[in-house]
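Take the given structure of chain A and dock chain B to it, following the hints.
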Amino acid sequence: MKILALDTSGLVCSVAVMEDDRLLSEFSIQHKITHSELLLPMMEEIKKRIALDLNTIDAVAVSAGPGSFTGLRIGCATAKGLCLAMDKPLVAVPTLDAMAYQFYGSENVICPMMDARRNQVYTGIYTFVPEKEDEKHFETYFSMKTIKAQAAMAVEDIAEELNNIGKTVVLLGDGIPVYRDKLEKLLKVNYIVAPAHMNRQRASALAALAQIYLRDGKTVDADSFSPEYLRASQAEREAAEKKAGGDAQKASENKTDKKNKKGNDSIYIRDLKAEDITAAAQLEAVSLGSEAWSEKQLLEASVLDDTVYLVAEKAGNVVGLCGVRNISGEGEITNVSVASECRGRGIAYDMLEKLLLRGRAIGCGDFTLEVRAGNVAARGLYEKLGFVNEGARPGFYDGPKEDAIIYWKRNSTND
Amino acid sequence: MNEKNVEKIERRTEEDGVIFMSIKNEEEKESVSTDKDITILAIESSCDETAAAVVRNGREVLSNIISSQIALHTIYGGVVPEIASRKHVEKINGCVRAALSEAGLKLEDIDAIAVTYGPGLVGALLVGVSEAKALSFVTGKPLVGVHHIEGHICANFIEDKSLEPPFMCLVASGGHSHLVYVKDYGEYDIIGQTRDDAAGEAFDKVARAIGLGYPGGPKVDAAAREGNPDAIHFPRAKTTEKSYDFSFSGLKSAVLNYLNQAEMKGEEVNKNDVAASFQKAVVDVLTEHTMEAAAEYGCKKIAIAGGVASNTALRERLEQECNNRGYTFYRPSPVLCTDNAAMIGAAGYYEYLKGSRSGMDLNAVPNLPLGNRERRYHGKS
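Chains as they are written, first to last, in our numbering: chain A, 1 to 415; chain B, 1001 to 1381.
Simulated from the structure, these hints should not be mistaken for lab results.
Beta carbons: idealized from backbone N, C-alpha and C, even for Gly.
Each hint should be verified, as a subset may be incorrect.
To be verified - Below, simulated BS3-like cross-link-like pairs (lysine-lysine); rule was C-alpha separation at most 27 angstroms, straight line:
#: 1; chain 1: A; residue 1: Lys243; chain 2: B; residue 2: Lys1205
#: 2; chain 1: A; residue 1: Lys167; chain 2: A; residue 2: Lys273
#: 3; chain 1: A; residue 1: Lys2; chain 2: B; residue 2: Lys1106
#: 4; chain 1: A; residue 1: Lys148; chain 2: A; residue 2: Lys273
#: 5; chain 1: A; residue 1: Lys145; chain 2: A; residue 2: Lys218
#: 6; chain 1: B; residue 1: Lys1271; chain 2: B; residue 2: Lys1161
#: 7; chain 1: A; residue 1: Lys243; chain 2: A; residue 2: Lys354
#: 8; chain 1: A; residue 1: Lys145; chain 2: A; residue 2: Lys354
#: 9; chain 1: B; residue 1: Lys1219; chain 2: A; residue 2: Lys242
#: 10; chain 1: A; residue 1: Lys182; chain 2: A; residue 2: Lys148
#: 11; chain 1: A; residue 1: Lys48; chain 2: A; residue 2: Lys32
#: 12; chain 1: B; residue 1: Lys1205; chain 2: A; residue 2: Lys242
#: 13; chain 1: B; residue 1: Lys1354; chain 2: B; residue 2: Lys1036
#: 14; chain 1: A; residue 1: Lys48; chain 2: B; residue 2: Lys1106
#: 15; chain 1: B; residue 1: Lys1219; chain 2: A; residue 2: Lys243
#: 16; chain 1: A; residue 1: Lys354; chain 2: A; residue 2: Lys218
#: 17; chain 1: A; residue 1: Lys185; chain 2: A; residue 2: Lys148
#: 18; chain 1: A; residue 1: Lys167; chain 2: A; residue 2: Lys145
#: 19; chain 1: B; residue 1: Lys1205; chain 2: B; residue 2: Lys1271
#: 20; chain 1: B; residue 1: Lys1106; chain 2: B; residue 2: Lys1354
#: 21; chain 1: A; residue 1: Lys47; chain 2: B; residue 2: Lys1106
Stated by the list, open to error - From chain B, some residues computed to sit far from chain A (all C-beta separations above 10 angstroms):
#: 22; residue: Asn1257
#: 23; residue: Asn1367
#: 24; residue: Tyr1377
Bound conformation, chain B alone:
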């Protein structure tokens, strides 16, 4: 090893704790400021999509690669964690390479690596986390652990470049139903959440019960378009006064009871009507809570995020309610509603600006809480 290298390594060990900065980008480190473009390589593998993206300044998507496994899991009627995790290992390098090449960049052109570390399936998350750490270790680029749901919320920043906090965001996906008040970049207050099943989970279960199969969301959405939403009245769950929490298990049971009774009576069930009526009940609850919360917080900007946000009925209804009240409605396009890495790049960018950094001991956290999660900061934000 030549003298120059030794010197550089000594300099590095002196500033222990800055271990994520490599010899290579030592010059760049000093010039990091918000004026400079920040390019983030983002990786997402929390469920059944292996994804990588390159995002500039949190809003500009240079590439967004998604390798979906939906077809594979359809056989089993849902995501099989072990199969999903195995597929991630197979696909991860290909996705990262494609994201870089589509962006026309090399790994050394990247400023930081963002990765989803929770919530999600632990085996699946670990693949992305391990890959991201290895890339960070070799290149010395800072590593930023990102919350999956915060990523979904930040998809709105990509969709609408003018959106700025504060705003109210309804997050609804397979595993989550949250009403989040986005106070500032990277600051999330949960003001309501599901007490039992997530909205997407209810969609999946109902889809299975009426024989529509997996994935439930799009299937119910499609069937509902052919059905009458007022054909059957399913109960809307009432949680205690002044609470923005949701509950969907009662609604799900009501649908199952309805189907059972019909079967016992030997009556023919109109699947499309069931789908439409069920969907209307879900949409009613989500919309009412969101609008009430917006009024209380004096929020005139409403956004939606997560897989369920691509549900047509929900989007139309929220948009209509927003128009009635003179609110602005924000929604990511469908490709940004499903799991993707571009949204992780957006969330990662704001985390990066705040100085949030992850160490080489970053682990997957399957039930990572939203909002008040622990962050490690480095340097000035």
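So that you can see chain A by itself, here it is in the shape it has in the complex:
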């Protein structure tokens, strides 16, 4: 399998062409951030130097975020254009996963950090788990496991997570020089700062990880693809904050209040945070009735390493919730609910689409879920997302008594 990989998510502009276990070419520049001027000429150069016939490419891989908003857009728009013109699938690899993959086989914990400004980093925690093929040989294979899926968080918080894990950690990424002094004080575990040849994004690592994705059929639809920014735009954040503030002091009817009253219809999908728990549990209670989880259940589930919980936020309010748990490689989707007044706007679809992507990042290959047989809207949605009805559990639900339909989205089925 031949992959053309590109990463423009950070300070490095990097392109690679990889065929199976051969890195045919890699070209990286970390000089000035003019990725728009660099990316295509670099590709052109590679194409020329290795006499690359673009028809032989099997897939395009792109660093799918987080990262510099502009950098992600250059990379993703380019990748989309390439896929459209070549009629090839797109492999979207989370930026930090690809960065961590440079340390294949390491027995340490890997923690890439990208500077996300405002005292935050885009980060995640990874480890490599040995899988011995058979007893006769000594070669060890590793698979990368995600301990903490990529997120935007305070340096203090990620340091605390690393301290809790208690293992030696390898640090890399452009966030390290920025927060090195801080990390020095915060970290209570041994740490290694990666040297220059492996301390930034590299398209070769992205390509290597993308090969696994491609082998497992984890491609995405290039036309509808957009990167995972992990952050709403400033305007959306401000609007959400204003709205929240406006609600609190609704009594004072002033000019700015009038503006806010027009409301904010944009939906922002992000990770469930501790402060959302009450709202999320209420949403569940309304949508799912007796099957709803309690706040405690939800909180406990959401902090596990093998789960991802997402919420849809509208003007500061939680209007949607969904979660996935990785049970030995199978993603069990739970707690899907959307506030009744916000239904029919594609929120659930957007949320689940993200959840599937994030689920893959924590190692879920196939996904499964159960739904009330009579819930036509939900079933239509799951089928639209590529889920297939594979059976039923008669009389599974109470009040009213109803069958549960079991849906699966298998690896082999395309997105």
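Relative to chain A, chain B alone:
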């Protein structure tokens, strides 16, 4: 790789600098001449519309796809660059695909790819530029970077197939107010421009001040139809003698002052009268300058372009003044006045004929100057 391919690639490297020509269309390259139909795929993403179009010979629109974000930005009272840029990434492939399929063509049927690379919002422009470069890279079709405003001017070529330069063009949009003398295809002399706010910007600000909201142009236009244009006299900015430059910030301030004073006195303001009177002041200035310039340049053809060109009062007034003087008045239909890719295809066609080509290092240029911008030429024009 077979021998044939190797041979072709070697031929390509020999003629370095012709890197935009692919192996595939090598035969076609030799036959490129003005006699042959030239079909251009155009992409535009400079502000809040993601657009793609297929245009034949600069004048015939085979498809014109526009994915508008206006509804999205209305919430924020204006275009939010980050949101606009994100939407472009989402929509761009869909627009390109729709443009091709509506034209009934495949990517390989296209002769060149034209894209807006400025002026505009840098993050937004980059999406179109990146997409266009990727398409050009894979297909080997030549890439032609187009100036957004030159695109607006060229919308007139689509609207009226008989229009030929030279003509005088008033360009007025959210970010621009220019009086341009179009000497020849692809040759633009700026003879007047705004010294401060663009006309469209003034419309947006005034619309916000009288509570009409975004987008300002159409809202003011609609309100003005219900109001009396002579109710309030707002000052017309006088720039120095013999200059065709515009200034709208004074006018905008006058409107804001009027509103403030009315509020302090506790007087009820008739929004429609304010809109109508403000609009009349803008139209007066734009029309006078255009007519004076036309007289000086001996130009009997007047065209308008840009978002503000869809303003009814401006169109009516210019048309009337043209009729009085025996000039011909050209104006694009509203769909061609707003941002669209068909106009980029028209401008791109004339650039293509002149031999203007962009390299794979084409970047977005948010403040790209009109007219005397740098162009790279290739081959005979």
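Pair hint Lys145 (chain A) and Lys218 (chain A), alpha-carbon separation not exceeding 27 angstroms: 16 angstroms, holds
Agreement of Lys1219 (chain B) and Lys242 (chain A) with the hint, judged by alpha carbon distance not exceeding 27 angstroms: The hint holds at about 26 angstroms.
27 angstroms Cα cutoff - pair Lys182 (chain A), Lys148 (chain A): Roughly 21 angstroms separates the two Cα atoms, so the pair holds.
Hinted pair Lys1205 (chain B) and Lys242 (chain A), Cα distance within 27 angstroms: Distance of about 22 angstroms is within 27 angstroms: holds.
Agreement of Lys185 (chain A) and Lys148 (chain A) with the hint, judged by alpha carbon distance not exceeding 27 angstroms: Given that 27 angstroms is the threshold and the Cα spacing comes to 22 angstroms, the pair holds.
27 angstroms limit on alpha-carbon distance, applied to hinted pair Lys48 (chain A) and Lys1106 (chain B): OK: Lys48 (chain A) and Lys1106 (chain B) at ~26 angstroms, within 27 angstroms.
Hint consistency between Lys47 (chain A) and Lys1106 (chain B) [alpha-carbon to alpha-carbon, up to 27 angstroms]: 24 angstroms, holds
Restraint check for Lys48 (chain A) with Lys32 (chain A), where alpha carbons must lie at most 27 angstroms apart: With a Cα-Cα distance of about 24 angstroms, the restraint between Lys48 (chain A) and Lys32 (chain A) holds, given a limit of 27 angstroms.
Restraint status (C-alpha distance of Lys1205 (chain B) to Lys1271 (chain B) at most 27 angstroms): 14 angstroms, holds
Assertion that Asn1367 (chain B) lies farther than 10 angstroms from chain A (Cβ): Given a closest Cβ separation of 16 angstroms, the condition holds.
Pairwise hint evaluation, Lys145 (chain A) against Lys167 (chain A), where the allowed Cα distance is 27 angstroms at most: 15 angstroms, holds
Hint consistency between Lys1106 (chain B) and Lys1354 (chain B) [alpha-carbon to alpha-carbon, up to 27 angstroms]: 25 angstroms, holds
Comparing the model with each earlier hint shows a violation of hint 6 alone; every other hint is respected.
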